[in-house]
Amino acid sequence: NAGVTQTPKFRILKIGQSMTLQCTQDMNHNYMYWYRQDPGMGLKLIYYSVGAGITDKGEVPNGYNVSRSTTEDFPLRLELAAPSQTSVYFCASSFPPGTSGYEQYFGPGTRLTVT
Amino acid sequence: LAKTTQPISMDSYEGQEVNITCSHNNIATNDYITWYQQFPSQGPRFIIQGYKTKVTNEVASLFIPADRKSSTLSLPRVSLSDTAVYYCLVGDISSTGGFKTIFGAGTRLFVKA
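Which chain is which? The protein sequence lines are A and B, in order.
Heads up, the first sequence is in this note's numbering, so the first residue is 5 and it goes up one at a time.
Heads up, the second sequence is in this note's numbering, so the first residue is 3 and it goes up one at a time.
Next up, chain A with everything else stripped away, as it sits in the complex (with noise of 0.2 angstroms):
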């Protein structure tokens, strides 16, 4: 198993361009997170999927959207990129969370730069 995998690794992005972070994961897993993560911070969670068709906001939505048209992939999408987005974004999958818990596996992240 190839587990969470992102794509790309970094990304320097224009203030204003778009572009979409990939996200797949081969663990049939249903619920899937994308985080992000400024330098010596935490993680905050952007969007969350419980499943295909169903996505719910996590903490820090705004300026970003994702889709999930199936269970292996969760891309995120930027639609107007400002310098407040510059940031590492990781992206989790995991089971349910119930008595397995909230054992989530990450991807390697991608850095992106807006400037």
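The hints are simulated quantities; they were obtained by calculation from the structure and are not laboratory data.
Note that this is a predicted model, so its numbers are computed, not measured.
Hints are supplied without guarantee of correctness; some may be wrong.
Facing chain A, according to a computed beta carbon distance under 7 angstroms, are these residues of chain B, among others [as the list claims (entries may be wrong)]:
hint, residue
1, 42
2, 45
3, 48
4, 105
5, 107
6, 108
Listing some non-contacts, in silico: residues in chain A with all C-beta distances to chain B over 10 angstroms [what the hints assert, rightly or not]:
hint, residue
7, 11
8, 24
9, 32
Glycine is no exception: its CB is placed at the ideal position from the N, C-alpha and C atoms.
Given chain A's structure and the hints, the job is docking chain B onto it.
What follows is chain B alone, placed relative to chain A:
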């Protein structure tokens, strides 16, 4: 209102036991408590989780008192490679009924030789 509160940083020496405490006063009845470890430039990695009392695995122990308003991650005999940020995590039910996870700010552990 923050879901969890942890010390910002801790220092230790190789071979010592390290205990990191997380406060989660508003934990819900169904919430589990989960701890993650993160090295620089990597995604977080699951360490341990529990609901109540004590849980132990090959890398750590987790102590949860009866009121579940706090938890303590215990790392026995730390080494230099345990230098990392440790996150305490609990869950939350969103306004739409979905379930989302809230990471704390993390505790930076620095292990010295």
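Cross-check of the supplied hints:
Using the Cβ-Cβ criterion of 7 angstroms, the hint placing residue 42/B at the interface with chain A is not satisfied: the shortest such distance is roughly 11 angstroms. Interface hint status for residue 45/B: upheld, as the beta-carbon distance to the closest one in chain A is roughly 3 angstroms, under 7 angstroms. Using the Cβ-Cβ criterion of 7 angstroms, the hint placing residue 48/B at the interface with chain A is satisfied: the shortest such distance is roughly 5 angstroms. Because the beta carbon of residue 105/B sits about 4 angstroms from the nearest beta carbon in chain A, less than 7 angstroms, this interface hint is met.
Because the smallest distance between the Cβ of residue 107/B and any Cβ of chain A comes to about 4 angstroms, under 7 angstroms, the interface hint for this residue holds. Taking 7 angstroms as the C-beta cut-off, the interface hint given for residue 108/B holds, the closest approach to chain A being about 5 angstroms. A cut-off of 10 angstroms between C-beta atoms confirms that residue 11/A is not in contact with chain B; the least separation is 14 angstroms. Against chain B, the non-interface label of residue 24/A holds: every CB pair exceeds 10 angstroms, the least being about 19 angstroms.
For residue 32/A, the non-interface assignment is confirmed: its Cβ lies about 18 angstroms from the closest Cβ of chain B, beyond the 10 angstroms cut-off.
Going down the numbered hints, you'll see the structure goes against just number 1.
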